[in-house]
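Given these sequences and hints, build the entire structure.
Protein chains in written order, with numbering that gives the first Met the number 0: chain A, 0 to 452; chain B, 0 to 452.
Please note: incorrect hints may appear among the correct ones.
It does not matter which identical chain is used: a pair holds within one copy or between any two.
[As the list claims (entries may be wrong)] Below, computed lysine-lysine pairings styled on DSSO-like, alpha-carbon distance capped at 27 Å:
{"no.": "1", "residue 1": "404", "residue 2": "351"}
{"no.": "2", "residue 1": "340", "residue 2": "235"}
{"no.": "3", "residue 1": "44", "residue 2": "269"}
{"no.": "4", "residue 1": "278", "residue 2": "351"}
{"no.": "5", "residue 1": "269", "residue 2": "351"}
{"no.": "6", "residue 1": "269", "residue 2": "343"}
{"no.": "7", "residue 1": "161", "residue 2": "452"}
{"no.": "8", "residue 1": "385", "residue 2": "31"}
{"no.": "9", "residue 1": "343", "residue 2": "235"}
Simulated from the structure, these hints should not be mistaken for lab results.
Below are the chains, spelled out letter by letter.
2 protein chains.
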Amino acid sequence: MTTLTYIEENKGKFLDELLALLRIPSVSADSKFKDDVRSAAEFIKAQFEDLGTEVEIFETEGHPIVYAEHIIDPMLPTVLVYGHYDVQPADPYELWDSPPFEPVVKDEKIFARGAADDKGQVYMHIKAYEALIKTDSLPCNVKFMIEGEEEVGSHNLSVFIKQNKEKLSADVILISDTHIISNDTPSITVGLRGLSYVEVEVTGPNRDLHSGTFGGVVGNPINTLCRMIASLQNEKGEITIPGFYDKVEVLPREYRDQMNLAPFDLESFKNDLGIDSEKGEEGYTTIERTGIRPTLDVNGIWGGYTGEGAKTVLPSKAHAKISMRLVPNQSSEEITELFTKHFKEIAPNHVKVRVRPHHGGEASVIPTDAAGYKAAAKAMKKTWGKEPIPTREGGSIPIVALFQKELSLDSILMGFGLQEDAIHSPNESYGLFNYYRGIETITHFYQFFTEIK
Amino acid sequence: MTTLTYIEENKGKFLDELLALLRIPSVSADSKFKDDVRSAAEFIKAQFEDLGTEVEIFETEGHPIVYAEHIIDPMLPTVLVYGHYDVQPADPYELWDSPPFEPVVKDEKIFARGAADDKGQVYMHIKAYEALIKTDSLPCNVKFMIEGEEEVGSHNLSVFIKQNKEKLSADVILISDTHIISNDTPSITVGLRGLSYVEVEVTGPNRDLHSGTFGGVVGNPINTLCRMIASLQNEKGEITIPGFYDKVEVLPREYRDQMNLAPFDLESFKNDLGIDSEKGEEGYTTIERTGIRPTLDVNGIWGGYTGEGAKTVLPSKAHAKISMRLVPNQSSEEITELFTKHFKEIAPNHVKVRVRPHHGGEASVIPTDAAGYKAAAKAMKKTWGKEPIPTREGGSIPIVALFQKELSLDSILMGFGLQEDAIHSPNESYGLFNYYRGIETITHFYQFFTEIK
Chain A
0 MTTLTYIEEN KGKFLDELLA LLRIPSVSAD SKFKDDVRSA AEFIKAQFED LGTEVEIFET
60 EGHPIVYAEH IIDPMLPTVL VYGHYDVQPA DPYELWDSPP FEPVVKDEKI FARGAADDKG
120 QVYMHIKAYE ALIKTDSLPC NVKFMIEGEE EVGSHNLSVF IKQNKEKLSA DVILISDTHI
180 ISNDTPSITV GLRGLSYVEV EVTGPNRDLH SGTFGGVVGN PINTLCRMIA SLQNEKGEIT
240 IPGFYDKVEV LPREYRDQMN LAPFDLESFK NDLGIDSEKG EEGYTTIERT GIRPTLDVNG
300 IWGGYTGEGA KTVLPSKAHA KISMRLVPNQ SSEEITELFT KHFKEIAPNH VKVRVRPHHG
360 GEASVIPTDA AGYKAAAKAM KKTWGKEPIP TREGGSIPIV ALFQKELSLD SILMGFGLQE
420 DAIHSPNESY GLFNYYRGIE TITHFYQFFT EIK
Chain B
0 MTTLTYIEEN KGKFLDELLA LLRIPSVSAD SKFKDDVRSA AEFIKAQFED LGTEVEIFET
60 EGHPIVYAEH IIDPMLPTVL VYGHYDVQPA DPYELWDSPP FEPVVKDEKI FARGAADDKG
120 QVYMHIKAYE ALIKTDSLPC NVKFMIEGEE EVGSHNLSVF IKQNKEKLSA DVILISDTHI
180 ISNDTPSITV GLRGLSYVEV EVTGPNRDLH SGTFGGVVGN PINTLCRMIA SLQNEKGEIT
240 IPGFYDKVEV LPREYRDQMN LAPFDLESFK NDLGIDSEKG EEGYTTIERT GIRPTLDVNG
300 IWGGYTGEGA KTVLPSKAHA KISMRLVPNQ SSEEITELFT KHFKEIAPNH VKVRVRPHHG
360 GEASVIPTDA AGYKAAAKAM KKTWGKEPIP TREGGSIPIV ALFQKELSLD SILMGFGLQE
420 DAIHSPNESY GLFNYYRGIE TITHFYQFFT EIK
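Here it is as structure tokens:
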């Protein structure tokens, strides 16, 4: 039986198995889901055991890493597949049309937290591997490293990598955790932004106060936090942190023009999001703003009374989670330091400020002349019948920069999601077309990569 | 037996009864405490029944009103006592040293939500009345109107008042819901600020988005809300809403100088609150800032991911609760309209804004030459041995302005709390000294008021 026939005949089974994995609420950011995260790891491990593949679960200080490998011949090239089985928190739950961890298939899409990011995409790799094994068609060596902390910064994975460089030796890293332009327009992500993520706490009085008795006399930490956050960007949408742009690469006009050739319809973009106008840094197009420019977003803010009704309190504290997306050459650690220094400097003396760094990661760019890129392009051309377009994405997969640094390996970002998959949002979904098309394309990748190498 | 002897002999009983009332979590702002609010009303009603006093519970569209009256002789003056048995929400619960609704007596203070605001103070009136009845010493007619919605704007009380002007006819209204300067320095509040309270919602995209994929392209409602809030006040701490100050009375230099004679130690004020510097409108002292100037405070803010860890979300919505304290001549309704109009005008076109008004109330000033003020001053002089100082407080008791408007009656704000009682905050407390001194002083008030009238 050919690999493609096997895939065709097992579509139902492949779907049922993915739904089972999606039922496990493996939210890595929230400790109350710790056991579920482990269950997801055990689920992945069992997949390889069923195929008779060597597989281990590596314990870390956080969530475990599943590692499997199948060496058919040391002389053949080796593909290291990376992915993650952890997911983003699912709240706000009330905005989901169906419960985030009770997957449903509707309009040819799977709706569940993690459907596209990244359970659905990592599972394509496991099924593509199964198809190749069951049909004796695996053309090269494969290694799988599937972690449970991607959504919280992959700290323990980076430790694991530094300790296992030998074991992880390979010719290329293959990752499916990105999206294509559309189901008619395949694309491969060649650029990713880095990330610096901090949590700030602004403290005014040592206790909550009555806003009548003290309002107008004692500095309000919420008003103050708002002023401080507002001052981090100017009218042009530029970030005002001294030194923030110092290392941002200035790309030639031609490069930017080429980027802007990628199909993009601003009107449908605005309609899809329900906004009257887009908003970003002056002097750049929407594609450039996410592809080659850094940015700053408040991801969460809280303070004072947020319950029902009206409470006249002048609170003691206000908090915010703030993240900055970075571009190549900006150092996550350095930007976090610049932010911290600046944020403390702009704090008025009626408040005290604390800045706590969360995870970060470096931006990266993948060369389009690498063997891995060529193999991915050929594989997509074979399934789609057209050349994929190289794109730069606004998101971050910090681990990609780490792979380049620690293992000196390129990562090929052959993702199959769509921008409308609503990853990190309520009603995340993943298309059945994308799921099956991905499995098929991945099997071709192994073939082409072995030939090119 | 004299009234004072009765009070002296029943201190233990008076305390136990108050603690029982404080155990009822009568939080009017939160519907899940609806039944407890009613229990508190029933508790108050039972007090009057035990004394054989005519008492009724009036149902409203919200929480009930307890009304009692004792007419000994229509020719004698009548004192209408007003107070409230509802309390502010107790959260954040984790900051309480002992549970808010399990009162404890420590260091000569009662710790519980509502101890000072207003259960402890309203209960002084019931016990002063009891002492006068039990010793056949009530010198005039009394009426009691005790409501359960003061902390949420007294809307239904204002309806009740408009419908019962006849029943409520009196010569003066007596209220204990304010504080004195210190236990050594008695004072009477002659000025209160008004209040305008709104809740705002800023909506960006129609769903939460991945801050990597969309950050820098789609306007972030939290960043935007922060900019909008920051713009509501300028560097001088002045409110920038057009027309906001139009009706604010400009008080003569002499009046301000006289205000500033009230004892106030900025250093101990800052030490008590744990702040390095106070913060307020330029050109005014701390006493002036709360007494005669309006202000704007964010009482609560929320949006995006506020849980554990780091979630890279660009949220769909951000919210804030914002209140403005007003001074005489500013209309709460008009200020709410000015705020709403301005807030919508400053909203950039990448967001949609909704403004929902909560309760409000007018500021008020009480003349020091009124019979009620004189009686209160004499009563305090009798128990303290020194003249009380007239002060203006920053808080709001909107009902006072309503009493002036609907019943053309002055309200005498003879409160016995202290600023450090931490009302509206965790660990609210009320001193035993203040509780017993209040009961005693109130009995004198009736005597002096009857003589002066």
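Each hint, compared with the structure:
1. 404 / 351: neither (38 Å within a copy, 44 Å between copies)
2. 340 / 235: both (23 Å within a copy, 25 Å between copies)
3. 44 / 269: Neither: 42 Å inside a chain and 60 Å across chains, both beyond 27 Å.
4. 278 / 351: between (32 Å within a copy, 13 Å between copies)
5. 269 / 351: between (40 Å within a copy, 14 Å between copies)
6. 269 / 343: between (37 Å within a copy, 21 Å between copies)
7. 161 / 452: within (26 Å within a copy, 89 Å between copies)
8. 385 / 31: This pair counts as neither: shortest intra-copy Cα distance 46 Å, inter-copy 60 Å.
9. 343 / 235: both (23 Å within a copy, 21 Å between copies)
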